[in-house]
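2 protein chains.
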Amino acid sequence: MTQSTQYKHEHLLSEKGKSRSFTHFYRSFPLPDNFKAHPKPLELVGGVPNFQIFPVESLKVGLRSKPFPNGYDTDAQVNAATANAAPSKDALSFDVLVDASEVNKVAEKDHHEEIDIKTGLQYSNTPGMDPLLKFTKDFTKEVIHPGYEDWNTILTLGGANGAYKAFEAVFNEGDVLLAQEFTFTPVVQSAKDIGFDIVSVPMDFQPTTKGGKAELTYADHLSKLLDNWATEQPGKPKPKAFYVIPDGQNPLGFSESLEHKKKVLELAEKHDFLIIEDEPYAYLNFQPVTEEPNFQLTTKEFIEALGDSYISLDTTGRVIRLESFSKVYAPGVRTGFIVGHKRVIELITEYTMVSTRNPSGLSQIVLNNTISALGGLQGYLGWIINVRNEYLKRKNALVLALQHSESVKKGWAYVNDAECGMFVTFVVNTGDAESKHEYMMNEFRLATAQTGVLTVSGGNLSISEEAKKERANFVRISLASAPDLKTLEEAAKRLSDAVVLLHKDDKQ
Amino acid sequence: MTQSTQYKHEHLLSEKGKSRSFTHFYRSFPLPDNFKAHPKPLELVGGVPNFQIFPVESLKVGLRSKPFPNGYDTDAQVNAATANAAPSKDALSFDVLVDASEVNKVAEKDHHEEIDIKTGLQYSNTPGMDPLLKFTKDFTKEVIHPGYEDWNTILTLGGANGAYKAFEAVFNEGDVLLAQEFTFTPVVQSAKDIGFDIVSVPMDFQPTTKGGKAELTYADHLSKLLDNWATEQPGKPKPKAFYVIPDGQNPLGFSESLEHKKKVLELAEKHDFLIIEDEPYAYLNFQPVTEEPNFQLTTKEFIEALGDSYISLDTTGRVIRLESFSKVYAPGVRTGFIVGHKRVIELITEYTMVSTRNPSGLSQIVLNNTISALGGLQGYLGWIINVRNEYLKRKNALVLALQHSESVKKGWAYVNDAECGMFVTFVVNTGDAESKHEYMMNEFRLATAQTGVLTVSGGNLSISEEAKKERANFVRISLASAPDLKTLEEAAKRLSDAVVLLHKDDKQ
Numbered sequence: 001m002t003q004s005t006q007y008k009h010e011h012l013l014s015e016k017g018k019s020r021s022f023t024h025f026y027r028s029f030p031l032p033d034n035f036k037a038h039p040k041p042l043e044l045v046g047g048v049p050n051f052q053i054f055p056v057e058s059l060k061v062g063l064r065s066k067p068f069p070n071g072y073d074t075d076a077q078v079n080a081a082t083a084n085a086a087p088s089k090d091a092l093s094f095d096v097l098v099d100a101s102e103v104n105k106v107a108e109k110d111h112h113e114e115i116d117i118k119t120g121l122q123y124s125n126t127p128g129m130d131p132l133l134k135f136t137k138d139f140t141k142e143v144i145h146p147g148y149e150d151w152n153t154i155l156t157l158g159g160a161n162g163a164y165k166a167f168e169a170v171f172n173e174g175d176v177l178l179a180q181e182f183t184f185t186p187v188v189q190s191a192k193d194i195g196f197d198i199v200s201v202p203m204d205f206q207p208t209t210k211g212g213k214a215e216l217t218y219a220d221h222l223s224k225l226l227d228n229w230a231t232e233q234p235g236k237p238k239p240k241a242f243y244v245i246p247d248g249q250n251p252l253g254f255s256e257s258l259e260h261k262k263k264v265l266e267l268a269e270k271h272d273f274l275i276i277e278d279e280p281y282a283y284l285n286f287q288p289v290t291e292e293p294n295f296q297l298t299t300k301e302f303i304e305a306l307g308d309s310y311i312s313l314d315t316t317g318r319v320i321r322l323e324s325f326s327k328v329y330a331p332g333v334r335t336g337f338i339v340g341h342k343r344v345i346e347l348i349t350e351y352t353m354v355s356t357r358n359p360s361g362l363s364q365i366v367l368n369n370t371i372s373a374l375g376g377l378q379g380y381l382g383w384i385i386n387v388r389n390e391y392l393k394r395k396n397a398l399v400l401a402l403q404h405s406e407s408v409k410k411g412w413a414y415v416n417d418a419e420c421g422m423f424v425t426f427v428v429n430t431g432d433a434e435s436k437h438e439y440m441m442n443e444f445r446l447a448t449a450q451t452g453v454l455t456v457s458g459g460n461l462s463i464s465e466e467a468k469k470e471r472a473n474f475v476r477i478s479l480a481s482a483p484d485l486k487t488l489e490e491a492a493k494r495l496s497d498a499v500v501l502l503h504k505d506d507k508q
Numbered sequence: 001m002t003q004s005t006q007y008k009h010e011h012l013l014s015e016k017g018k019s020r021s022f023t024h025f026y027r028s029f030p031l032p033d034n035f036k037a038h039p040k041p042l043e044l045v046g047g048v049p050n051f052q053i054f055p056v057e058s059l060k061v062g063l064r065s066k067p068f069p070n071g072y073d074t075d076a077q078v079n080a081a082t083a084n085a086a087p088s089k090d091a092l093s094f095d096v097l098v099d100a101s102e103v104n105k106v107a108e109k110d111h112h113e114e115i116d117i118k119t120g121l122q123y124s125n126t127p128g129m130d131p132l133l134k135f136t137k138d139f140t141k142e143v144i145h146p147g148y149e150d151w152n153t154i155l156t157l158g159g160a161n162g163a164y165k166a167f168e169a170v171f172n173e174g175d176v177l178l179a180q181e182f183t184f185t186p187v188v189q190s191a192k193d194i195g196f197d198i199v200s201v202p203m204d205f206q207p208t209t210k211g212g213k214a215e216l217t218y219a220d221h222l223s224k225l226l227d228n229w230a231t232e233q234p235g236k237p238k239p240k241a242f243y244v245i246p247d248g249q250n251p252l253g254f255s256e257s258l259e260h261k262k263k264v265l266e267l268a269e270k271h272d273f274l275i276i277e278d279e280p281y282a283y284l285n286f287q288p289v290t291e292e293p294n295f296q297l298t299t300k301e302f303i304e305a306l307g308d309s310y311i312s313l314d315t316t317g318r319v320i321r322l323e324s325f326s327k328v329y330a331p332g333v334r335t336g337f338i339v340g341h342k343r344v345i346e347l348i349t350e351y352t353m354v355s356t357r358n359p360s361g362l363s364q365i366v367l368n369n370t371i372s373a374l375g376g377l378q379g380y381l382g383w384i385i386n387v388r389n390e391y392l393k394r395k396n397a398l399v400l401a402l403q404h405s406e407s408v409k410k411g412w413a414y415v416n417d418a419e420c421g422m423f424v425t426f427v428v429n430t431g432d433a434e435s436k437h438e439y440m441m442n443e444f445r446l447a448t449a450q451t452g453v454l455t456v457s458g459g460n461l462s463i464s465e466e467a468k469k470e471r472a473n474f475v476r477i478s479l480a481s482a483p484d485l486k487t488l489e490e491a492a493k494r495l496s497d498a499v500v501l502l503h504k505d506d507k508q
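Chains as they are written, first to last, in my numbering: chain B, 1 to 508; chain C, 1 to 508.
FYI, nobody ran anything at the bench for these hints, they're computed from the structure. Any given hint might turn out to be false.
Since the list can't tell identical chains apart, any single copy or any two copies may satisfy a pair.
[Claimed, not checked] Here are the simulated EDC-like pairs of lysine to aspartate or glutamate, each with C-alpha atoms no more than 16 Å apart in a straight line:
id : residue 1 : residue 2
1  : Lys-137   : Asp-220
2  : Lys-493   : Glu-43
3  : Lys-16    : Glu-173
4  : Lys-16    : Asp-193
5  : Lys-436   : Glu-470
6  : Lys-66    : Asp-99
7  : Lys-66    : Glu-15
8  : Lys-18    : Asp-193
9  : Lys-66    : Asp-220
10 : Lys-141   : Asp-308
11 : Lys-493   : Asp-197
12 : Lys-60    : Asp-95
13 : Lys-436   : Asp-33
14 : Lys-118   : Asp-130
15 : Lys-409   : Glu-269
16 : Lys-36    : Glu-443
17 : Lys-40    : Asp-99
18 : Lys-262   : Asp-220
19 : Lys-486   : Glu-43
20 : Lys-40    : Glu-490
21 : Lys-270   : Glu-443
22 : Lys-224   : Asp-150
23 : Lys-141   : Glu-304
24 : Lys-263   : Asp-308
25 : Lys-409   : Glu-142
26 : Lys-66    : Glu-438
Build out the structure end to end from the sequences listed, making use of the hints.
Set out below in structure tokens:
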């Protein structure tokens with residue numbers, strides 16, 4: 001495994017990652033030239049059970065025609081009763097075959113291969129079973145289109161596992177990762193585990209009450225930090241990578257502009273670090289509440305609306321992209337994938353062999369054959385558009401309800417018209433007095449306990465003590481689990497009411 | 001998380017493992033006394049999708065009545081054609097409900113709870129979903145019966161992942177693991193990764209041509225090694241743990257006697273190390289070919305025949321047991337579990353949160369609800385007995401064919417009547433001349449390529465250079481993947497023929 005000479009950023013990879021070389025005990029032995037080997041040897045090699053001892057003999061999977069196929073049903077009782085009812089109208093279903101080798105011989109254009117029981121319940125290739133791994137490559141080509149040639153993919157056990165494996169491929173003990181000051185904080189635990197430091201990058205974000213375009217920027221802070229590294233972070237080595245959630249930022253709900261991404265990529269080139277872009281939310285891509293929502297996107301329009309990502313702008317294999325099936329399919333499949341330079345994927349593959357091996361074969365069967373039943377990549381994108389439409393409805397309902405709420409109208413709070421993802425930011429106006437900030441946020445959290453709405457405090461999603469103190473005057477509202485739009489509207493009211501409670505003694 | 005004071009062997013756990021403390025950003029905030037919180041708050045907390053956006057709406061799983069329900073079919077063509085045929089006679093099937101909360105309320109005795117789609121496809125608890133985790137505890141109690149009270153269980157992503165996680169909980173860099181000189185060699189890769197050393201323990205094993213009881217022993221070697229540690233392994237710290245495959249040893253197929261296990265456990269107490277027992281094969285428990293095979297075992301007889309394990313003899317939480325569903329259910333579920341002292345499980349849980357999270361929900365649904373459909377633990381044990389019966393038939397066919405083969409009859413080779421597991425050892429008699437050993441094994445491997453049978457060289461399954469040189473004059477024959485008994489008998493003939501080829505110039 002020596003593709004190292006082909007990879008420009010080899011010096012940014014971890015020593016442990018580069019040192020691995022997994023040798024399997026099934027290795028064959030060399031035969032002399034002209035040796036007459038038996039043409040049909042019997043293989044009694046691995047502890048690989050014959051499929052006829054697997055208990056599962058058949059599998060039939062029924063699919064929803066779309067999210068909430070029967071509309072919303074706010075009555076929890078009725079909901080539970082209908083949950084097991086007849087399949088939704090126009091729903092597809094598929095049988096998983098014991099042996100799909102005949103089916104897979106079909107050479108139709110766009111034929112998406114199925115995984116059968118015999119293969120799916122067996123030991124299998126670490127990077128992923130062939131049809132699903134091929135799908136990740138097709139998806140990458142058509143939807144993500146990296147800006148460099150030598151990319152590859154590998155399945156992971158979901159987003160968090162993907163991040164851990166990417167970090168493992170990059171960091172030695174004592175190395176430095178840059179991350180946004182508000183971010184998916186479990187990265188801190190990965191850092192402790194692998195032994196690298198995290199340096200946070202301050203962010204500017206400006207929610208708007210008018211639904212106009214607000215922007216998240218941090219490139220200037222990042223530039224300043226890197227230019228003055230020795231004085232800003234004395235004693236620390238320069239960073240090897242930047243962890244970023246560019247689209248549907250968690251927790252803030254913003255997407256970075258193309259221009260901003262270009263600036264950050266320039267900084268990565270100037271200061272020589274990798275970019276690890278975590279994009280679980282990227283496909284839940286919205287329009288502002290001021291626009292008429294388009295629920296009839298074609299797959300072409302959908303892909304175009306996604307725009308450019310860091311990896312599509314990258315020409316040298318500097319970007320590693322983390323994908324997850326959790327948000328657009330289901331978290332329980334515990335499956336995602338990584339796109340990166342083939343050398344990076346090589347390191348991650350070796351680590352995967354030692355640590356986790358491939359994701360569940362049942363997950364791979366159900367995921368892959370769903371894609372097949374939907375008609376391949378185009379059909380799967382159709383499903384994602386349906387999911388995006390559901391989240392767009394949710395986002396609009398919540399943002400509009402907050403915009404029209406008393407607290408926002410009075411200027412006591414602001415709401416971010418989220419551009420993408422699962423989260424809307426509700427900012428409490430704590431005024432200019434910095435000393436009052438922490439006190440007011442605490443009062444606000446108590447008030448929400450009283451009005452009855454649970455969200456996540458901005459401070460809990462920060463890796464910076466300064467940001468927690470000075471810029472965490474917001475909560476993250478999740479669009480994901482609510483049973484319907486009315487619940488989101490009621491939550492908006494309760495959040496606003498909580499802010500109003502803070503001002504109950506103000507002159508009105 | 002401070003149960004450390006209750007655990008006698010705390011000093012044998014890794015510093016990294018002990019230092020973890022995962023804090024989730026969903027944590028709640030404290031409310032003042034007498035605070036009047038809303039009775040029904042709306043939760044908009046996690047990025048946890050509503051189940052109505054999961055594409056999967058229904059799932060129906062059909063089960064085989066037993067392994068090879070339609071008997072053997074040696075014709076590969078016909079096999080492929082019938083693979084997708086009608087379900088086997090007496091086969092069960094089950095529907096996975098979207099919402100099983102009503103079903104799970106049933107309070108019947110032995111009622112095994114089902115996992116529904118709503119739960120199984122969602123994010124879930126790291127140690128495992130409640131019904132399956134409860135099953136691992138019931139199984140542990142009834143079948144494994146640890147000798148100490150404070151044990152707990154956690155699901156893993158299969159046997160190899162379980163081993164990695166157990167090692168991670170124990171070893172700091174530079175620590176020492178003991179392992180059998182012939183073993184599951186991928187542990188070497190885990191050792192490199194985590195940074196510990198492996199010291200191999202020499203083994204005595206004596207296959208028999210007569211089908212009588214041969215024995216695997218190593219306690220005396222182990223005792224000698226430990227008593228003379230400073231001179232035998234100068235500069236190395238004393239070992240923190242011993243990795244052992246006690247039943248159906250891989251590659252040798254032996255099971256350790258109760259007496260031998262007691263000796264080893266005494267050594268563990270005397271020299272203060274943990275025992276990590278890896279038992280994926282333990283339930284494929286055989287009878288010698290000289291006995292009439294009992295294919296009608298009751299579950300009680302089956303459990304009794306398993307006998308005592310290291311963990312059942314352990315009274316202080318010194319033993320960690322690794323279990324896998326790969327060999328008795330299917331490898332593709334990528335699921336196993338660990339039994340250990342609750343403090344050890346606590347450390348493994350923290351690491352699991354950071355690294356892999358829980359096994360696939362689809363795997364957990366299918367595994368758990370299979371157990372439910374089979375009637376709970378007793379029914380599941382019935383399935384395992386069926387699998388064991390299939391392997392017993394295979395073992396007997398292969399061992400008898402080898403015993404009656406020309407090479408064994410002539411004393412040029414020996415066969416081990418495997419006591420348990422998936423593997424039979426075929427030993428080539430290389431004579432007394434040590435210098436001839438490597439040459440003959442190489443010739444033998446070439447001869448098998450000519451007669452047409454692929455197995456694994458003993459040397460590939462050794463971690464000791466000395467053992468590879470002096471005691472690796474055997475191959476490991478897998479019973480697992482062959483389509484029928486005839487294939488095993490043909491393989492026996494080809495193995496024997498290969499030995500005969502080595503002697504073709506001998507006077508006969």
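Is the C-alpha distance from Lys-16 to Glu-173 at most 16 Å within one copy, between copies, in both cases, or in neither? Both. Shortest intra-copy (10 Å) and inter-copy (13 Å) distances satisfy the 16 Å Cα cut-off.
Cα distance capped at 16 Å. Does Lys-40 pair with Glu-490 within a copy, between copies, both, or neither? between (70 Å within a copy, 12 Å between copies)
Is the C-alpha distance from Lys-66 to Asp-220 at most 16 Å within one copy, between copies, in both cases, or in neither? Neither. Shortest intra-copy (42 Å) and inter-copy (66 Å) distances fail the 16 Å Cα cut-off.
When no copy is named, should Lys-262 and Asp-220 be tagged within, between, both, or neither for a Cα gap of at most 16 Å? within (12 Å within a copy, 67 Å between copies)
Under a CA distance limit of 16 Å, which applies to Lys-436 and Asp-33: within one copy, between copies, both, or neither? Answer is neither: 83 Å inside a copy and 23 Å across each miss the 16 Å cutoff.
Lys-141 and Glu-304: within-copy, between-copy, both or neither at 16 Å Cα: within (14 Å within a copy, 57 Å between copies)
Is the C-alpha distance from Lys-36 to Glu-443 at most 16 Å within one copy, between copies, in both cases, or in neither? between (83 Å within a copy, 14 Å between copies)
Classify it for me, Lys-493 with Glu-43: is the Cα-Cα distance of at most 16 Å met within a copy, between copies, both or neither? Between copies only: 14 Å across chains, 67 Å inside a chain, cut-off 16 Å.
Within, between, both or neither: how does the pair Lys-493, Asp-197 come out at a Cα-Cα threshold of 16 Å? This pair counts as neither: shortest intra-copy Cα distance 41 Å, inter-copy 61 Å.
Given identical chains, is Lys-141 near Asp-308, meaning Cα to Cα at most 16 Å, within a copy, between copies, both, or neither? within (13 Å within a copy, 56 Å between copies)
Up to 16 Å between alpha-carbons, please classify Lys-18 paired with Asp-193: within, between, both or neither. Between copies only: 11 Å across, 19 Å inside.
Homomeric proximity label, Lys-60 with Asp-95: Cα distance no greater than 16 Å: Both: 4 Å inside a chain and 9 Å across chains, each within 16 Å.
In terms of the numbered hints stated before, the structure departs from hints 1, 6, 7, 9, 11, 13, 15, 17, 21, 22, 25 and 26, listed from lowest to highest.
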